[in-house]
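Listed below are the residues making up each chain.
Protein chains: 2
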Amino acid sequence: MKHFEFKNDKLIVLDQRKLPFEKEYFVCSTYQDVYIAIKDMIIRGAPLIGIVAAYGVVLGFKEIIEKNMDLTKIYEIINYLANSRPTAVNLFWALERMKKIFKEARNLSQSQIYSLLLDEARKIEEEDKNINKKIGENGNTLIKEGANILTHCNAGALATGGYGTALGVIREAHFTGKNIHVYVDETRPYLQGARLTAFELSEDGIPNTVICDNMAGYLMKLGKIDCVIVGADRIALNGDTANKIGTYSLSVLAKHHGIPFYIAAPVSTIDFNIKSGSEIPIEERSEDEIRFFNGKKIVPDESKVFNPAFDVTPAENITAIITEKGVIFPPFEEGILKLKEW
Amino acid sequence: MKHFEFKNDKLIVLDQRKLPFEKEYFVCSTYQDVYIAIKDMIIRGAPLIGIVAAYGVVLGFKEIIEKNMDLTKIYEIINYLANSRPTAVNLFWALERMKKIFKEARNLSQSQIYSLLLDEARKIEEEDKNINKKIGENGNTLIKEGANILTHCNAGALATGGYGTALGVIREAHFTGKNIHVYVDETRPYLQGARLTAFELSEDGIPNTVICDNMAGYLMKLGKIDCVIVGADRIALNGDTANKIGTYSLSVLAKHHGIPFYIAAPVSTIDFNIKSGSEIPIEERSEDEIRFFNGKKIVPDESKVFNPAFDVTPAENITAIITEKGVIFPPFEEGILKLKEW
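Protein chains in written order, with this note's numbering: chain A, 3 to 344; chain B, 3 to 344.
Looking at chain A on its own, in the form it has when it is part of the complex:
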């Protein structure tokens, strides 16, 4: 099966914490299970978080029916799911879509509402795959034959409904025969690069080399990087972009070396309600993600640990934002506002 599936009123997700060497599935029978899957990063990636949360609403509504609760309890469930992670806006975007469906359908029968919610979740999922393919095609116009591309974290099939955002562009470049090679930041502390991106690329036969995050600048200096492509967790109106911690440093390094720096993300990652990145909440995660590695302690107890999960890359460090509706260039606000109208 693929990395998630909604079947027989259960959402089954591949446990991404165990990849690539163990394939374990986590079964979400309740919306609380979905909350855990998101919060504990059993699944991750902004678009996928949105899709999974939508199915969480479906499971929540099922429970409302079964336990004969007030239908408006769904608002509580939606709020609960919205609290699973703070930074990726796709979560709130998907939950808003589900809320809208409920509001429009609330006078229908319970089973009708359930069907409409499930349809919407499936639609969010299906749309995302097509969106990614389109992002890939749009982004591919920026990729040169034989390019060495650096990516950070995992903005791949595993982070989305399929195909990927940053990796969608990379896949498209590869499958159109551009003979590319990818440098993959291992991406501490969670190693999404080494474990997930390298795995996805290797499965698709895309040549790739894993490096430690601190090696990227040196590679740029050696002239080994032609462009950087990463995903996004939230994009502000002015183009400021929150993404996995370390993205900001890469953007400064890319700028210093005159290397194009691209963001690839669906329009659902744009937060049209915020003007700049300073309004994006940055999640701090558990110290233990850094203190322990595979259960083995690596940091002395007396030392503190700081573990921000994201950082914000300012618009001025971004060469272009690749969306399913086209590639936008600075000044971003203009292009972003057009996307809203589109």
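It is worth saying that the hints were derived from the structure and are not from the lab.
Just so you know, not all the hints are guaranteed correct.
Each pair may be met inside one copy or between any two copies, as identical chains are not told apart.
Said to hold, decoys possible - Restricting the straight-line Cα-Cα distance to at most 30 Å, the calculated cross-link-like pairs of lysine-lysine (DSS-like) are:
#1 146 with 340
#2 306 with 180
#3 20 with 135
#4 306 with 4
#5 41 with 223
#6 223 with 306
#7 146 with 135
#8 277 with 20
#9 75 with 102
#10 306 with 226
#11 136 with 41
#12 25 with 135
#13 277 with 223
#14 277 with 101
Using the hints, position chain B against chain A.
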């Protein structure tokens, strides 16, 4: 005992790969053992590599006596030890000192030569401790009250004869009551920061916080870093400095944020024979340092891995070089040439 000791014709070194949670010692009875200790990073740190190699020559000479070999075999042994690691110049510097002693003493009795070689190794060790203290005092003039200092890798007591270079400055600032706090890059792949620097600082009661390497830029952007201090493995005449991989990126990030970037190193780290950093050989280490973590595989087999152990920070990114003979500022070549004459 301390982290290394020469006693009863054996060099006993603390296995730094196991720190901080296991204290295991590796006993070098032969110069080949010393070679392994350096090559396999049982011990590391440019100044310590020099000291340990000097004791390796002593052990080599002991074997020459015992096996009644030609005394000039010592040159072969010195060359052998010189091949243990390519980047840190202190190794070659210490071996040159030992060679010089041998040359001057070669007409004396075997036991006299042995004594002189042992004296020289002890002298290199003792000098290094005093040098570090002096580096600490000189560097402390640059540290402000309450400073938040970022450091990378381990340029501490464990990397030297004692006290440390970058950590010598930090210790001096702390023990003169400056109320400093240190951010420690965990320093992938070997985690010298998380395992060694955090350990040393915590042992001395110096407040410290461990971060992943990819978080440093974000901290700078947040205004949380007042200066960066790192050690060095080799400094060219123009001030270009080789140090642990990731140092170059930090220097670019520091420059971008207007944060002072300091190198702390003994004069023995200066290679007066090379004009610029482009002449410094950069060691590439085993892929397995990145592929495996505590014996657990983290990178798919199909992916390649690139593991450069060092990078070169260009002089223009360095605010000052702190040595035992004083602090030098740009243009560095002038100051460095004065150090040579000094």
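Hint by hint, here is what the structure shows:
no., hint, result
1, 146 with 340, "within (27 Å within a copy, 49 Å between copies)"
2, 306 with 180, "between (46 Å within a copy, 19 Å between copies)"
3, 20 with 135, "within (27 Å within a copy, 47 Å between copies)"
4, 306 with 4, "between (39 Å within a copy, 25 Å between copies)"
5, 41 with 223, "between (37 Å within a copy, 27 Å between copies)"
6, 223 with 306, "between (33 Å within a copy, 20 Å between copies)"
7, 146 with 135, "within (18 Å within a copy, 53 Å between copies)"
8, 277 with 20, "neither (37 Å within a copy, 49 Å between copies)"
9, 75 with 102, "within (15 Å within a copy, 84 Å between copies)"
10, 306 with 226, "between (36 Å within a copy, 15 Å between copies)"
11, 136 with 41, "within (29 Å within a copy, 50 Å between copies)"
12, 25 with 135, "within (26 Å within a copy, 53 Å between copies)"
13, 277 with 223, "between (34 Å within a copy, 19 Å between copies)"
14, 277 with 101, "within (24 Å within a copy, 67 Å between copies)"
Checked against the numbered hints listed earlier, the structure breaks hint 8 alone; every other hint is satisfied.
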